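Just need the whole structure built from these sequences, with the hints factored in.
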Amino acid sequence: ETGVTQTPRHLVMGMTNKKSLKCEQHLGHNAMYWYKQSAKKPLELMFVYNFKEQTENNSVPSRFSPECPNSSHLFLHLHTLQPEDSALYLCASSLGQDTGELFFGEGSRLTVL
Amino acid sequence: AQSVTQLGSHVSVSEGALVLLRCNYSSSVPPYLFWYVQYPNQGLQLLLKYTTGATLVKGINGFEAEFKKSETSFHLTKPSAHMSDAAEYFCAVNTGFQKLVFGTGTRLLVSP
Chain A
1 ETGVTQTPRH LVMGMTNKKS LKCEQHLGHN AMYWYKQSAK KPLELMFVYN
51 FKEQTENNSV PSRFSPECPN SSHLFLHLHT LQPEDSALYL CASSLGQDTG
101 ELFFGEGSRL TVL
Chain B
1 AQSVTQLGSH VSVSEGALVL LRCNYSSSVP PYLFWYVQYP NQGLQLLLKY
51 TTGATLVKGI NGFEAEFKKS ETSFHLTKPS AHMSDAAEYF CAVNTGFQKL
101 VFGTGTRLLV SP
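Protein chains in written order, with my numbering: chain A, 1 to 113; chain B, 1 to 112.
These are calculated hints, taken from the structure and not from any lab test. Since no wrong hints were added, every one of them can be taken at face value.
Just a sample of chain B residues kept apart from chain A, beta carbon distances all over 10 Å, derived: (1) L7; (2) S12; (3) S14; (4) E15; (5) S26; (6) S80; (7) V110.
Under 8 Å between C-beta atoms, here's a sample of chain B residues computed to sit facing chain A: (8) G43; (9) N94; (10) K99.
Predicted model, so just to flag it, every value in this text is computed and none were measured. We put the beta carbon where it would ideally sit given N, CA and C, even for glycine.
Okay, here's the thing in structure tokens:
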């Protein structure tokens, strides 16, 4: 139990579907992140939020839409995805200081058919 | 730009043998360096980190790493491997405010 909870753990969707991934942290952190983990590729930072404000969008396609209503919750809204978007999506949080110590959730395994 | 190179996508050891996972970094400023571990079907967990001070850093589960500036390396070691150490290990460098750059990972296989 890392204090970061992601739901759902597994998701299968068609290319025309709309779905959302949810992340919740119980650590009192101020920064939250979305990472994409694909086979044989380095972890890709997608978005960063600090005190609910987006501070980083790493050239992510608009079919991925993040939402951070407060410092404890982070969503990733998905629509018209492509099969190459199939991956493990990891949420993480940090205190907000520049030490790089991230606390990760267990991930949401997404399969796009 | 900062980057991390992990040598070897797979490393196999026998139980009880020395574990050595290699990581080299590139950074134009003094780096913060990290090792994370990912067990099957789980997220990443911090093993250890180097920020400043002592160059030999001890982490959880008996792992340690040494920061060698002259070699731009931050290799991860453990004197005696356990079956439970089988996982994927990621080296990472901090590039600035809240940005971590990860290596491609090394999968450690431990045989009885």
